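Residue numbers (the numbering used here), protein chains in the order written: chain A, 1 to 719; chain B, 720 to 1312.
Just so you know, the hints here were simulated from the structure itself, not pulled from any lab data. If you're wondering where the values come from, they're calculated on a predicted model, not measured in any experiment. Even for Gly, the Cβ is constructed at its ideal location relative to N, Cα and C. Do not rely on the hints blindly, as some may be mistaken.
Stated by the list, open to error - Quick list of the computed label-pair ranges, beta carbon to beta carbon:
| id | chain 1 | residue 1 | chain 2 | residue 2 | range |
| --- | --- | --- | --- | --- | --- |
| 1 | B | D775 | A | Y241 | 56 to 62 Å |
| 2 | B | A868 | A | T153 | 36 to 42 Å |
| 3 | B | P1035 | A | L38 | 34 to 40 Å |
| 4 | A | N169 | B | G871 | 35 to 41 Å |
Claimed, not checked - Mimicking BS3-like on lysine-lysine, the simulated pairs with C-alpha atoms at most 27 Å apart in a straight line are:
| id | chain 1 | residue 1 | chain 2 | residue 2 |
| --- | --- | --- | --- | --- |
| 5 | A | K132 | B | K819 |
| 6 | A | K56 | A | K71 |
| 7 | B | K1025 | A | K132 |
| 8 | B | K1030 | B | K1198 |
| 9 | B | K1293 | A | K205 |
| 10 | B | K864 | B | K995 |
| 11 | A | K205 | B | K835 |
| 12 | A | K205 | B | K864 |
| 13 | B | K835 | A | K132 |
| 14 | B | K1138 | B | K819 |
| 15 | B | K1204 | B | K1293 |
| 16 | A | K543 | A | K684 |
| 17 | B | K1198 | A | K205 |
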Amino acid sequence: MSDKIKKTASHKRNYIFPLMLVAVVLVLVLSILFASSLDEQLYIQRLYSMEQNVKKSSELVNLSIKNEWEKLHQLVYTIQRFPARSTQELLDNLVDMSQNSEAHSPWTFSCIDSGSSSYNWEGTVTRWPLPKMLPTDLPDHQIAIRESNTDGTEQMLFLQRLPQPILLNDGVTLTHVALTIDMNILLPELEVSSFGAGNSTYITKTDGTRLYHQTSNTEVLPAYNVITALNNAEFLYDTTYEALVDAVERQDFFTGEILLEDMRYFVSSAPVAERWAMVLFIPEENVSGGTTELVQKLILQMAGIAFALSVVLILFMRLNARRTLEAQQTALREAERASRSKSEFLSNMSHDIRTPLNGIMGMCHLAIRDYDDPSGYLNKIDQSSHQLMLLINDILDMSRIEQGKVEVRTAPLDIHVLLRGCITNIEALARQKNIEVRVDTGGLIDCWAESDELLLNQILTNLLGNAVKFTPEKGAITLRAAQESPQNGVALYTFEVRDTGIGMSAEFVARMFEPFSQENSDSRTQYKGTGLGLSIVKSLVEKLQGDILVESAPGKGSRFSVILPMTVTLPVQDSEAFGELSDQGTVTGMHVLLAEDNELNRLIASDILEELGLIVDTAADGQQAVDRFAASAEGQYHIIFMDLRMPVMDGLAAARAIRCLPRSDANVPIVAMTADAFAEDVEKTRAAGMNDHLAKPLDLGRLKAVLYKYHPDRKRGGN
Amino acid sequence: MKKTTILFRMLTTALLAVVLTGTLCGCGGKAEDHSLSILTPNQGIEPLLDKLTAEDPDVIFDVQPYYGAAVSVYIQERFEQNDLPDIILASYAPEGSIQKETLLDLSGYGFVQNYKASVLTNLSVDGGIYMLEGPTSARGIAYNKTLFAEKGWNVPTNHEEFISLVKNIHAESDIMPMTLPGVYSGTYFTLMSELSHCDFLMTADGVTWAREFAEGEASSREGFGTGLALLKDWVDAGIFDAEQTDMSDQQGIKMLINRECAMTYLVGGQSFFLGKIRESSDEFGTFPIYGLGEDSEFCATNYGLKIGLNKRLGEPGNEKKLENALKLLEMFSTEEGQELSRSSEADILPLVGSTAQLPEEFAPLNETMNRGHAAPFLYSGYEDLLAITGEYLRESVTNGGDLDGAFELMDSIRQDTIKNQNTVNTLATVSEDLTTEQTARLVVNALYATGLGDISLCTVQRYTPGIRLVAAANGKYYKGDLDTKNIDIPIGPRYNDPVSTRDMTGSEIKQLMETGLVVTNDAGCSDYLPFISAGLDPEKLNDGEIYTVVFSPSDCGEKSPLEKTTVPSEIIWKEFWREYITGLGTITPDCAR
């Protein structure tokens, strides 16, 4: 593989890996973002659920507390409605109340006097252990949690100052009443069963001091101050420790999620009683109810799908890239092959150019050496020159085609004349090889049609030339023309060249129309050519909107079929028909002005013209030509051969100048002689006032034809 | 070489470099000191410290004992100066704002929940817990049950019966009705306070009064009136005696055991009491303080050992020290830990669900407490009154003074406290904080200043594990005024004893300087306290020459090798010390040269 291809492949590999990396990272980032978003949404939902639960729980706790107050109020009403007169009677009344209440009542009732003595409904008198609750500047209703002096169980104490102190006869003044109940009895509502086990519920003061924890549950924060203990927790999402502290202090609601000792909890606080807070901890897994796992699975699956899609996309891109690469590599190989073909062509061409040149030079040398009988050598030189000319013509034609400078000039043509002209082009060579050439026009209906005769001629001449070239001696070549019935004035004409030549392999047939392609190298030494002919033929056929088909097999000859759509037309009288090239009249006596800046070419042309019996005057440049013509007598010159590319004044300018001369023979025929043989060049010469065009190197036959055409006698009607 | 290979090698090299650098950085350099400094007023914490260090040798304690003459005052000074070690042991809890400022909030730790709610309520400062409490003991009156039975004396159930009992004892025997630790002036104040708690101070009005009195908006007469009235009854019954003014807890208990008295006011020394009664064939019992009326008994509980952590342990960089300190607190907060801190079976553990049983002798006190007739020893809030009022009361009850004069005194002191003008008691001024060494030098200089000898020697306090050795010089002075409360901080106990002297040769003095004061206890445990000197330079003494050496009474107590070899002088150490300091006027580091 060439360095270029390797570099291309390497470049491709370099792009693929980063692309894959980017794709993976993108998938990961998107997954994470999605997970975060989903997590947050779920968190919001769970938060709402927790808020509702804690509100419900606090309502139930407050309701329980309210019920106990109601109970106490009932007892207050009773002792006030039926006041005792003495402490003994008070105690008796309390005992009666105790006995009248439910058996094994979880609560106890007592009255407290101004001396901090407590009269209990089991009939005992004790010292009230919490005198700090009794000052008059404290609220009338107070709740406290204390431990029992007897068994240490936690009790909730409801203390109410009597609206009116009750004065007993023995000087005792009752100032307060108290109801005490075991916490375990009072607050079963603290258990938040809706979230399963593992929850912790605390009742705290507003400074976080723990008053009560439901002992049946696992303790999340075994600390005296729940708020202080949470200082080490990590508050998640947009909640903060300070927000919780503030909510508890202000007896407001709060819900959030925390990370405490590697466990996630939802924590909620709600106000209860008048100056307390209920703080609830529920493990996050209880609240999420397994949705976290579900979400994680969902995210993993989605990430997996996204990753798979990414992989597929990347593979597709790789495949596409590979195909593109392969296409590019193919194109590159084609280009390389074309380049190699060109290189080969150049190599061959240089050989082909050098070969006739060598022949020319060699023959010249021999002619010089054997100038007594140089004719053999000169003939060889002539052959080599023709060979060289053909070579250069092919190259120029191909170049013109590749540059798109071939224009189709449609004009009515006689197909018979066309075919004859093509046969004439190869007749001599065919005769040399004893190849029979036949023409079959039996398939023609309309012999006149509109097309570019020049291009058609070139196409058929090329095919016939190849047929002659590749048909061994005593072979046969058939040129056949046929057509289908016209449709809307257009008919498909088929021009077929069949030979009994060596034929072509299927491999070559597949690429035969590619420039510089030839059958294997062995054949090229025997059958010389540029390899451009068929390529030129195909290009020209395509220019004419036609198609070319090939049938061939090695050793069995070939058949080329050119199918062209042409508009059928009526016969046209060609006033400029040359007639048979071989039947030209004499051109002697014509006075010719030859303008050619190249001395050698001027000499050659002069010699040829003088050989034909012409009188030749020469000019070295366009200005000289104009001067000489202007200085000549009117009618002196019968024809001017004007080279186009000349110093001082080029041929076109000289022709225009001559045409502008105030002379009656200013319309003398001017024929351009130039190596530029393209249609536009011809147009330029016509635009400059020139009459005709001869391509260099000069073809004697064409030269004679032109001379004959513009012979003054012919013009006068003589011939 | 491929790029990936090069990159891999570079990464490997970089990683290796990081690992090596990190390893090398770990070598050399100073090892951090994670030892915990701990201030303790007694050796009750030793068993706990020993247990912890045995279980976790990484925990190292640097014990800084203070056994001087003013334990509570000294600790209070250190709190106020915020000059505290890592762990603080105290017999009382300072004022709430000081706790919050100097100590670490422990309320967030789980071991706090091991304590009874009532204990935590008393310890709580604005929802925080800054000190934990050790075992406490109940205060009351201990009596010889056997003697009572022999004499036909009934155990009183109220104040009237108690007064009657006292009078009967006087009438029927020669023994002292009751002993009490009169050597501490505070005893008399706390007695008056407890008697006041039998009635008024345990009522709503009493609670209100306490609050108002703290703000200087109420008269002491209103709050302590009932208590003082009861005290007068005690005086009239003849409970008080001049002999009691020199008496310690242990002396009073010994007299009870020895039937030299019928009762003793059991303020401290409960463990000593239990130990002694076990040795006696008599049976003993206790009953609470009684007030007027029925169901007016009261039982105060002594302050248990308080333990707190310096706030700086919560700062970054002290994580390891905090971790070790918390280990101590966690152990302290268990029944096992409290048992180790328990001085006797009479101590009540402050923990929830404690299985520790009180001795039968203390059952009545326990019952009193269970019925709510109890409160922690009310020291906090009366620091300004305690000593001075106690002295006044001691003087009055033993010498027939006007007890009512105490009200005026208390009101005056309280007003001064409110106005922050305690000029009445300023005896001297310390110009700047002195070190322990400088303060000790003051003590030895003062001893030398008695003029009783050529050279004075006094021991300097150091930690002596396994044996309690009380030095003559303790603690340090801080910048500020010195009054009767804090002037005695540097001197050791037995300060009411006279300064002693001993003639010694130069070589003996040098030998003593070298060995220190070596003491061996009954358990055979020995340790020493180093001496410092003032006067003649010990290095320059002639070995054979006789010199008179002046010693502090703190160095000449029981178990001391100097006890029987020194001669007491006429100079009472505490009195001279105060005169000396007062005479200096302004205490500067130069005074401690």
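Hint by hint, here is what the structure shows:
1. B:D775 - A:Y241: 56 to 62 Å: violated (32 Å)
2. B:A868 - A:T153: 36 to 42 Å: holds (39 Å)
3. B:P1035 - A:L38: 34 to 40 Å: Taking Cβ atoms as reference, P1035 of chain B and L38 of chain A lie about 37 Å apart, which means the hint holds.
4. A:N169 - B:G871: 35 to 41 Å: holds (38 Å)
5. A:K132 - B:K819: holds (23 Å)
6. A:K56 - A:K71: holds (22 Å)
7. B:K1025 - A:K132: holds (23 Å)
8. B:K1030 - B:K1198: Within the cut-off at roughly 22 Å; holds.
9. B:K1293 - A:K205: violated (49 Å)
10. B:K864 - B:K995: Satisfied, since the Cα-Cα distance of roughly 14 Å is no more than 27 Å.
11. A:K205 - B:K835: holds (17 Å)
12. A:K205 - B:K864: Cα-Cα ~47 Å, so violated.
13. B:K835 - A:K132: holds (18 Å)
14. B:K1138 - B:K819: holds (23 Å)
15. B:K1204 - B:K1293: holds (12 Å)
16. A:K543 - A:K684: holds (23 Å)
17. B:K1198 - A:K205: violated (41 Å)
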